[in-house]
Amino acid sequence: MEILGLLLEGFAVALEPINLALIVAGCIAGLFIGAMPGLGSVNGVAILLPMTFLVPPTSAIIFLGSLYYGAMYGGAISSIMLGIPGASTAVATTFDGRPMALQGKADRALVAAATASFVGGTISVVLFTLFAPPLADFALAFGPPEEFALLLLAFATFIGLGGDDIPKTFFSIFIGLMFSAVGLDIVSGNPRLIFFDLPGFYHGINFLVLAIGIYGIGEILWTVETTRGEMVVSRAAVTIRGVVRALADLRHNIRSMLMGSFLGYFVGILPAAGATPGSLMAYGVARTMSKNPETYGKGNVDGVVAPESANNAASTGSMLPMLTLGIPGSPTTAILLGGMVIWGLEPGPLLFIEHKEFVWGLIASLYAANLFALLINIAFIPAFLMVLRMPFTILAPVIFILCVVGGYAPTQDMHDVWLMLIFGVMGYLLRKLDYPLAPAVLAIVLGPLAEASVRQSLIMAHGSFGIFFERPISAIIMAIAIGLFAWPLFIAIRRRLSPGNAD
Amino acid sequence: MRRAELVMALFMAAFSLYIMWKSAELPVGWIEGEGPGGGAFPFWLAAGMLVCCGWIVLRWARRQSPPSRSEEPYMDRTALRVFAIGAGSLFVMIGLIHLVGVYVVIPLYLIFYMRGIGHHAWSVTASLALAMPVATFLFFEIALKITLPKGYTEPAFYPLYEMLL
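Residue numbers (our numbering), protein chains in the order written: chain A, 1 to 503; chain B, 1 to 165.
What the hints contain is simulated information worked out from the structure, not anything from laboratory work. Any given hint might turn out to be false.
What the hints assert, rightly or not - Some, not all, of what chain B presents toward chain A, calculated at C-beta under 10 Å:
1) Met1
2) Ala9
3) Glu34
4) Phe91
5) Ile94
6) Val105
7) Thr153
Said to hold, decoys possible - If you want the ones that stay clear, here's a sample from chain A, every Cβ over 12 Å from chain B, calculated:
8) Gln103
9) Leu130
10) Leu247
11) Asn292
12) Gly299
13) Leu351
14) Ile353
15) Met426
16) Pro472
Beta carbons: idealized from backbone N, C-alpha and C, even for Gly.
Using the sequences plus the hints, can you model the full thing?
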């Protein structure tokens, strides 16, 4: 019952006029950003974070949280209409969404995606409300070894579930952590890694510089190159009658929706995993569960519903470790976490005690954002279809300018703008070679915590790494992390041993 | 593509070595009574990067990663052109900010990109080129009280400040 009271207080915060306006604005911005091919929640949050310095932290996170949600809804739009995923989180939606659009059933696919997103979002927010307070209580007992074990788990998730080239994923993690070490040493206060003695490195590398570089500049360069301005937008006639009929038809897909919601939520909770593996796994499970798996990939509504409910559920799920443990559950929440540090809030379990209005305001706003995103999405489908036709020669310069100005604002140092350009260009070049970049962004946000927790633990244990395995909670988390690190190896060995595959 | 993967891995390996050397400016070992030295964390991370580069090169040699098997060029002519325009124009834009400030650069950049590359109508280009600096000024300078760099155009803004702040 205590939770209900807190939630009601949260609603009082979320429904304040300014916050309500920000929820609507966040949903609209998120839907547009999500609908643009190549851009997703992480790009939107990275590019717009500097703009939220205008409002208090609670309002800022409400805006960005709504944007996160809106982008999850919006991602489906370009997946279905263009066949180009709006973001990696919507990749699985293209598998069946695009064939549906090509069969002239675009309206049904869009309504199914929006409804599934709503169901996934709602179920996950309810789960979130129930799980968050006990987890935060539990996490209060965590010391540096547990924190480090959790961070290791976050990075292990990338290795185990990321599905990318393993040495390149490790490389991305290491380089992100290394960039976080630039500046002043946290213990001795000595300057370190001051490249070329440039004074700009003394204040360290702000995570936003890397995030905007990679997700703003690098991503746009990538999208401009890969799409080359040739896009075929499917036609969709959206009528009220069509929407109602599509909604009625969805009763056959409830099972996939529920499965996607729960699966997505729990995958989302895993540190660092986020919505992309969540939605891909939900698609896979839906196909395995189905009586006629051969219809998947040819326009099966379940193939749209499962990943869409999962990616929204996962986006809520990924906020759970961010708020309760201070460990982000996805690249987007990593940037939100960095934002919280800029706003002067310390992420972690104490947030639930010291900043109740912030936490519960955010949770309540997610309920509201979910509803608004659904309504705006269905009502303005034609407007979002126009976004898809927006030429990149307008979009790209506007985003570049936002990146440059946004990269300058936090530290007000041109040094950071140059650094951002370098990161953007390098990010683009690395991405072309299949280097995953999300781990680097997560690592630069978590780096200071990682270094502090490992150094404090080692000091506590007089230099023995055994401390991570002697304390029960830390030992369990370490074991899971090591399991995840070893997972790809296990798969590789099994593949080699399985008959018929012996090469 | 194949050559690009090797070159990038070697470049990153050299970068890792540089970081290791740079980290070693601070103690990288254990300091009695104080714990690990200030350089230890980045030093071992860079060592990890170096190992990864070695691993990437190994996989490259055994043709295990997709780019190492790819016959396609790393960047074809179109990609190179698009990249050069994007990155090059950003480079020039940021450089010009030092000289003439953001409020001159924003409209110039929009005109260059929208008109020069996109061939959009003058009406669209001009309206955005006018609206964006004004919106930026109102948002950053007035609402957020963050002064953006103005280079040599700084004095032109004094009357505006007097009026608005």
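Hints, verified against the model:
1. Met1: 8 Å, holds
2. Ala9: 9 Å, holds
3. Glu34: At about 7 Å, which falls below the 10 Å cut-off, the nearest Cβ of chain A leaves the hint on B/Glu34 intact, so it holds.
4. Phe91: 7 Å, holds
5. Ile94: 6 Å, holds
6. Val105: 9 Å, holds
7. Thr153: Cβ of B/Thr153 sits 15 Å from chain A, so the hint is violated.
8. Gln103: The assertion about A/Gln103 holds, with a minimum of 31 Å to chain B.
9. Leu130: Non-interface label stands for A/Leu130: nearest chain B Cβ at 38 Å, farther than 12 Å.
10. Leu247: Holds, because the least Cβ-Cβ distance between A/Leu247 and chain B comes to about 38 Å, which exceeds 12 Å.
11. Asn292: 32 Å, holds
12. Gly299: Since the minimum Cβ distance to chain B is about 29 Å, A/Gly299 lies beyond 12 Å and the statement holds.
13. Leu351: 25 Å, holds
14. Ile353: 30 Å, holds
15. Met426: Incorrect as stated: the minimum Cβ-Cβ distance to chain B is 10 Å, not above 12 Å.
16. Pro472: A/Pro472 clear of chain B: closest Cβ-Cβ about 24 Å, beyond 12 Å.
The earlier numbered hints that this structure contradicts are 7, 15.
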